[in-house]
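Participant: Sequence:
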Amino acid sequence: MSSVFLEDLDADTFAEYLSREGSTVIIPTGATEQHGPHMPLGVDAMLSAAIAASVAENIGALVAPVFAYGYKSQPRSGGGNHRLGTTSLRGVTMINLIEDVVSSFLAQGFQNVVVLNGHFENYQFVYEGLDCAVAQARKDGNAGRGMLLSYWDFVDETTLQSVFPDGFLGWDIEHGGVLETSLMLLLYPDKVDMSRVMDHPPAQLTNYDIFPEDPGRTPSSGCLSSAKAATAEKGQQLFEAVRGAVSSALVSELQLMAAPRKAN
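When we follow the working numbering, the leftmost residue of the sequence shown carries the number 1, and every step to the right adds one.
These aren't lab readings, by the way, just hints derived from the structure by calculation. Values in this document were obtained by computation on a predicted structure and should not be read as measured data. There could be a bad hint or two in this list.
[Unchecked claim] As a list, the in silico SDA-like pairs of lysine to any residue whose alpha-carbon atoms are at most 20 angstroms apart:
(1) Lys139 <-> Glu128
(2) Lys228 <-> Ile173
(3) Lys228 <-> Pro201
(4) Lys191 <-> Gln236
[What the hints assert, rightly or not] Just the calculated beta-carbon pair ranges, DEER-fashion:
(5) Arg20 <-> Arg196: 40 to 50 angstroms
(6) Gly167 <-> Arg217: 15 to 25 angstroms
(7) Arg20 <-> Lys191: 33 to 43 angstroms
(8) Asp12 <-> Asp156: 33 to 43 angstroms
(9) Asp12 <-> Asp172: 37 to 47 angstroms
(10) Ser195 <-> Gln236: 15 to 25 angstroms
(11) Gly141 <-> Ser220: 48 to 58 angstroms
(12) Asp193 <-> Gly141: 48 to 58 angstroms
(13) Asn207 <-> Asp10: 43 to 53 angstroms
(14) Lys228 <-> Phe14: 42 to 52 angstroms
(15) Glu7 <-> Gly141: 22 to 32 angstroms
(16) Ser252 <-> Asp172: 23 to 33 angstroms
(17) His200 <-> Glu21: 43 to 53 angstroms
(18) Pro65 <-> Gly91: 20 to 30 angstroms
All residues carry an ideal CB built from backbone N, CA and C; glycine is no exception.
Let's have the full structure, built from the sequences with the hints guiding it.
Facilitator: Written as structure tokens, this is what we have:
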């Protein structure tokens, strides 16, 4: 195949792929969500799609069109759903969309459907949709399997210490911060304007939520920590760590054979 992206394939090539042992599709999920003044609204979708493509090349999988809308941004992990540019789905909508797409992929013949999550708030709703789809497929006699993961969970401690030498504050507060900005500087440098980074201390967040959301409780930048220390070199470290660890997890869990790496 000349492309790992499902939308690039004609129907005959797609059918030929489905006939292979271990046929696997990766669904990237993200969001349309503000990421401060220095990055575009599509960060989550762009990063999950890029990581999915690299992993797919490693393991011989296909990549489905990205879910570019996600569940509501929350003040304690994404700045809040009230912020302009953030365009969200309700939980039930997210569940239904995932269930329908996964069910269709399993019915068409994929043996494995993997969801690679790139938006913190998506996880439990994707979990529900994926679980329902696989459970129904099993009732219908389909032996297909599902797998769900968020890419940041595959960053190892050594990489974390290198990228965050002053200490890592947690993934929830990394919205618009060093991790996402460094990956974007590596993968989409033309879409990042570091001169517009708002350098401020990490957000001091409560350990509870209030309704309606209070815009004054999160930084005006929309980011929960500063991206000033982000670099493409850190992005390379993060990307290599995630690509390798995710590929290994899929090969091991789904009993796949890693595809040979293409020469650069």
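Participant: Next, verify each hint and record whether it holds.
Facilitator: Structure-based check of all given hints:
no.	hint	result
1	Lys139 <-> Glu128	holds (17 angstroms)
2	Lys228 <-> Ile173	holds (15 angstroms)
3	Lys228 <-> Pro201	holds (11 angstroms)
4	Lys191 <-> Gln236	holds (17 angstroms)
5	Arg20 <-> Arg196: 40 to 50 angstroms	holds (46 angstroms)
6	Gly167 <-> Arg217: 15 to 25 angstroms	holds (23 angstroms)
7	Arg20 <-> Lys191: 33 to 43 angstroms	holds (35 angstroms)
8	Asp12 <-> Asp156: 33 to 43 angstroms	holds (41 angstroms)
9	Asp12 <-> Asp172: 37 to 47 angstroms	holds (45 angstroms)
10	Ser195 <-> Gln236: 15 to 25 angstroms	holds (22 angstroms)
11	Gly141 <-> Ser220: 48 to 58 angstroms	holds (55 angstroms)
12	Asp193 <-> Gly141: 48 to 58 angstroms	holds (53 angstroms)
13	Asn207 <-> Asp10: 43 to 53 angstroms	holds (52 angstroms)
14	Lys228 <-> Phe14: 42 to 52 angstroms	holds (45 angstroms)
15	Glu7 <-> Gly141: 22 to 32 angstroms	holds (29 angstroms)
16	Ser252 <-> Asp172: 23 to 33 angstroms	holds (28 angstroms)
17	His200 <-> Glu21: 43 to 53 angstroms	holds (52 angstroms)
18	Pro65 <-> Gly91: 20 to 30 angstroms	holds (21 angstroms)
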